[in-house]
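The primary structure of each chain is shown beneath.
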Amino acid sequence: MNAQSLQIIVGEGTCGIAAGSKEVMELFSEQAPAAQVRSVSCAGMCHMEVIAEVIDKDGKSFMYGKVDKKGVSKILDYHLQDGEFPTDLLISSPEEPEHENKQYLNRQTRIALRNVGQLDPTSIDEYQARDGYKAIEKILKGMSQDQVIAEVKTSGIRGRGGAGFPAAIKWGFAKAQDSETKYMICNGDEGDPGAFMDRSLLEGDPHNVIEGMLIAAYSFGANKGYAYIRAEYPLAVKNFGLAIEAAKAKGLLGEKILGTDFSFELKIKEGAGAFVCGEETALLASVEGDRGMPKLRPPFPAVKGLFGKPTIINNVETLSNLAWIINNGGAAYAAHGTDDSKGTKVFALAGTIKRGGLVEVPMGTTIRQVLDDIGGGSSTGRPIKAVQLGGPSGGVIPAELFDTPIEYAAINATGAIMGSGGMIVMDSKTCMVDLAKFFMNFNHMESCGKCTFCRIGTLRIREMLDKISEGKASMEDLDVLENLSRQVMSSSLCALGGTAPNPVLTTLRYFRSEYEAHITDKRCPAAVCKSLITHRVIQADCTGCTLCEKACPTDAITGEPKVAHSYEIHMDKCINCSMCVEVCKPDCILVE
Amino acid sequence: MSNQSLEAQVDPNLISGFIAELGGEASASVPLLQAVQSHYGYLPRKAMDLIIEQTEISGSQLYGVATFYAQFRLKPVGRNLIKICHGTACHVTGADRLNTSLKFQLNIHGEEADTAPNGSYTLVDVACVGCCSQAPLIVINEAMIGNTNGAGAQKAVRMHARKNGEELPKAEKQSINK
Numbered sequence: 001m002n003a004q005s006l007q008i009i010v011g012e013g014t015c016g017i018a019a020g021s022k023e024v025m026e027l028f029s030e031q032a033p034a035a036q037v038r039s040v041s042c043a044g045m046c047h048m049e050v051i052a053e054v055i056d057k058d059g060k061s062f063m064y065g066k067v068d069k070k071g072v073s074k075i076l077d078y079h080l081q082d083g084e085f086p087t088d089l090l091i092s093s094p095e096e097p098e099h100e101n102k103q104y105l106n107r108q109t110r111i112a113l114r115n116v117g118q119l120d121p122t123s124i125d126e127y128q129a130r131d132g133y134k135a136i137e138k139i140l141k142g143m144s145q146d147q148v149i150a151e152v153k154t155s156g157i158r159g160r161g162g163a164g165f166p167a168a169i170k171w172g173f174a175k176a177q178d179s180e181t182k183y184m185i186c187n188g189d190e191g192d193p194g195a196f197m198d199r200s201l202l203e204g205d206p207h208n209v210i211e212g213m214l215i216a217a218y219s220f221g222a223n224k225g226y227a228y229i230r231a232e233y234p235l236a237v238k239n240f241g242l243a244i245e246a247a248k249a250k251g252l253l254g255e256k257i258l259g260t261d262f263s264f265e266l267k268i269k270e271g272a273g274a275f276v277c278g279e280e281t282a283l284l285a286s287v288e289g290d291r292g293m294p295k296l297r298p299p300f301p302a303v304k305g306l307f308g309k310p311t312i313i314n315n316v317e318t319l320s321n322l323a324w325i326i327n328n329g330g331a332a333y334a335a336h337g338t339d340d341s342k343g344t345k346v347f348a349l350a351g352t353i354k355r356g357g358l359v360e361v362p363m364g365t366t367i368r369q370v371l372d373d374i375g376g377g378s379s380t381g382r383p384i385k386a387v388q389l390g391g392p393s394g395g396v397i398p399a400e401l402f403d404t405p406i407e408y409a410a411i412n413a414t415g416a417i418m419g420s421g422g423m424i425v426m427d428s429k430t431c432m433v434d435l436a437k438f439f440m441n442f443n444h445m446e447s448c449g450k451c452t453f454c455r456i457g458t459l460r461i462r463e464m465l466d467k468i469s470e471g472k473a474s475m476e477d478l479d480v481l482e483n484l485s486r487q488v489m490s491s492s493l494c495a496l497g498g499t500a501p502n503p504v505l506t507t508l509r510y511f512r513s514e515y516e517a518h519i520t521d522k523r524c525p526a527a528v529c530k531s532l533i534t535h536r537v538i539q540a541d542c543t544g545c546t547l548c549e550k551a552c553p554t555d556a557i558t559g560e561p562k563v564a565h566s567y568e569i570h571m572d573k574c575i576n577c578s579m580c581v582e583v584c585k586p587d588c589i590l591v592e
Numbered sequence: 001m002s003n004q005s006l007e008a009q010v011d012p013n014l015i016s017g018f019i020a021e022l023g024g025e026a027s028a029s030v031p032l033l034q035a036v037q038s039h040y041g042y043l044p045r046k047a048m049d050l051i052i053e054q055t056e057i058s059g060s061q062l063y064g065v066a067t068f069y070a071q072f073r074l075k076p077v078g079r080n081l082i083k084i085c086h087g088t089a090c091h092v093t094g095a096d097r098l099n100t101s102l103k104f105q106l107n108i109h110g111e112e113a114d115t116a117p118n119g120s121y122t123l124v125d126v127a128c129v130g131c132c133s134q135a136p137l138i139v140i141n142e143a144m145i146g147n148t149n150g151a152g153a154q155k156a157v158r159m160h161a162r163k164n165g166e167e168l169p170k171a172e173k174q175s176i177n178k
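From first to last, the protein sequence lines stand for chains P and B.
Each residue of the first sequence is one higher than the one before, counting from 1 in this note's numbering.
Each residue of the second sequence is one higher than the one before, counting from 1 in this note's numbering.
What the hints contain is simulated information worked out from the structure, not anything from laboratory work.
It is possible that part of the hints are untrue.
[As the list claims (entries may be wrong)] Listed below are the simulated BS3-like cross-link pairs for lysine-lysine, each with C-alpha atoms no more than 27 Å apart in a straight line:
#1 B:163 <-> P:22
#2 P:429 <-> P:69
#3 B:163 <-> P:530
#4 P:429 <-> B:155
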């Protein structure tokens with residue numbers, strides 16, 4: 001077979017690049033110079049990165065995962081030299097479309113994510129070839145503002161950024177305002193440290209987000225817009241910027257779009273890193289050039305927002321559903337999901353899970369289905385103990401509640417929140433006190449400082465958690481902790497303070513015994529909290545390889561090089577950093 | 001080499017250029033600071049003074065913004081920047097160990113210190129780079145290194161140093177007396 005007829009498509013999102021997709025692209029181009037090698041956005045199948053699709057001369061598609069230098073040779077060997085079939089890399093082939101590795105994608109219902117991994121995000125033509133900009137065309141050719149709002153209302157979609165407010169109702173408020181200038185803002189300031197669906201959508205399918213913004217802007221008469229994107233997402237900023245230029249060049253952005261009276265000017269604002277800017281009024285303050293501090297509502301931004309003008313802020317994922325809803329009808333969207341929550345929701349699945357990445361499922365799917373059917377269960381062999389939903393504002397859901405359906409009401413009942421969609425999976429090696437401490441530290445650092453209870457309360461909570469993790473707390477402290485948590489929640493202006501203690505309250509509710517072990521037994525059951533663990537060499541297994549001593553950042557490890565059974569750790573000098581555990585080949589360092 | 005010598009020489013024309021391009025009204029404060037930082041790697045005092053002199057942005061507003069957002073730093077950086085991701089997934093997979101191992105490798109000691117004594121590398125913690133399935137991970141300048149651990153991060157820095165002609169400081173073990 002000659003290389004000319006081969007098409008090789010490599011996934012090049014941020015995850016792909018982190019896994020080495022740039023090198024893989026280069027190797028394909030070097031070793032098969034005649035093949036057409038091109039890149040697409042990330043399919044959200046992060047556990048299989050680097051992913052490459054090969055389309056042979058008969059148009060048959062083969063998808064391979066975990067492609068590295070050797071993988072490139074194997075794949076080309078098979079397709080060009082009739083070499084052995086690279087079974088170990090296979091995700092799917094024409095013979096095996098239902099291969100186990102493909103189940104991850106096959107078991108999802110992709111609406112918001114329908115294009116990611118399918119097209120080159122820098123090409124407007126590829127987006128248009130997949131029905132791109134058809135929805136805005138349909139609207140401009142004959143839908144009134146009220147019809148657009150009604151259609152989206154029928155879909156029942158609620159804001160996907162976390163708060164879950166029905167999108168169409170919000171637009172209705174802004175439409176009712178009489179103002180020459182109105183703003184439409186896309187909130188791409190994905191602050192939850194553990195969520196990356198907005199990044200994938202912005203960098204992987206930017207035109208879909210722009211089209212969503214156009215639909216929303218049209219519905220309430222906005223003529224100016226900003227896409228507020230985190231500065232930590234350089235590829236998203238780049239691809240979104242290219243998409244704006246391409247859309248402008250085709251008359252899909254700017255003055256008199258598609259020859260109608262509808263004009264919309266769009267610019268990017270790079271966020272500078274503040275979790276609180278996920279709060280609408282804080283985001284507006286940030287765009288205006290101030291510290292991102294929330295303001296009292298009302299007035300709501302839909303009435304008096306950016307520079308005092310009516311403003312709508314929608315999340316990236318919400319916007320990514322809109323074109324599909326207009327094209328297929330609100331009822332088709334509402335056909336997915338439950339009575340309480342319509343449509344689909346995207347989750348960023350990560351942590352100790354076999355198949356991590358982006359998962360889009362109909363609302364009502366249970367957590368267990370996501371973890372087992374799509375995620376493939378634990379990656380460590382240890383059972384999954386809990387998942388964390390909703391990031392620093394959310395909570396943990398323990399394994400016994402994994403049959404909870406994913407919908408707003410049911411998730412809230414567990415004490416967690418839907419949030420923006422971060423789903424972090426944890427096994428027995430995660431300490432719940434440490435996790436609560438991690439989130440409280442985050443919330444404390446990110447508190448804008450306006451409300452006393454949030455500013456100081458989060459610090460006091462963190463200090464109490466420190467005390468617990470050091471084995472210095474008493475059982476009475478748990479009551480104080482709970483009480484203070486409730487006060488912080490009720491005495492803060494915005495949702496940051498209003499939800500900040502959730503990680504503490506949910507871990508206390510479901511894993512109280514772990515807190516008690518720290519307090520009464522002075523023991524960390526997961527062997528994480530540094531003050532309560534020790535490192536010890538099981539000398540019987542020690543080979544004297546010296547690696548642990550070299551890795552140790554202090555002078556805590558001594559022994560005779562090349563002499564078996566000779567190494568030991570001096571506890572008075574050990575900082576419990578576990579560097580030695582990482583490098584020890586015979587696995588003979590015991591942490592307990 | 002001390003941090004002192006990493007201080008940037010600010011070019012007033014460059015700052016005026018940023019102001020001409022991005023505007024001088026209050027809403028330009030974040031973009032202006034971002035432009036300065038992407039050029040110098042941090043916000044030199046002199047650059048901020050020039051912005052205050054030449055725009056309607058007040059000193060308190062500019063400094064207030066510069067200290068509010070996590071992205072901005074007021075201290076000089078080394079020749080290369082290493083970001084250590086501390087998102088939730090990275091935290092539960094051992095991101096703290098990356099700090100310990102790289103601080104050891106780069107001979108960075110003390111609570112406040114974040115730059116190798118020879119000015120080669122600066123370590124910063126970031127909230128999340130949104131690449132959670134490759135946790136834990138570091139970003140050396142623009143390049144992401146995922147699915148790593150303490151030893152892996154050291155190796156990545158070693159390779160980066162070799163490729164870019166950087167000299168790594170000699171790692172000194174800390175003597176602990178509890």
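### Message
Are any of the numbered hints broken by this structure? If so, which, sorted upward?
### Response
2, 3
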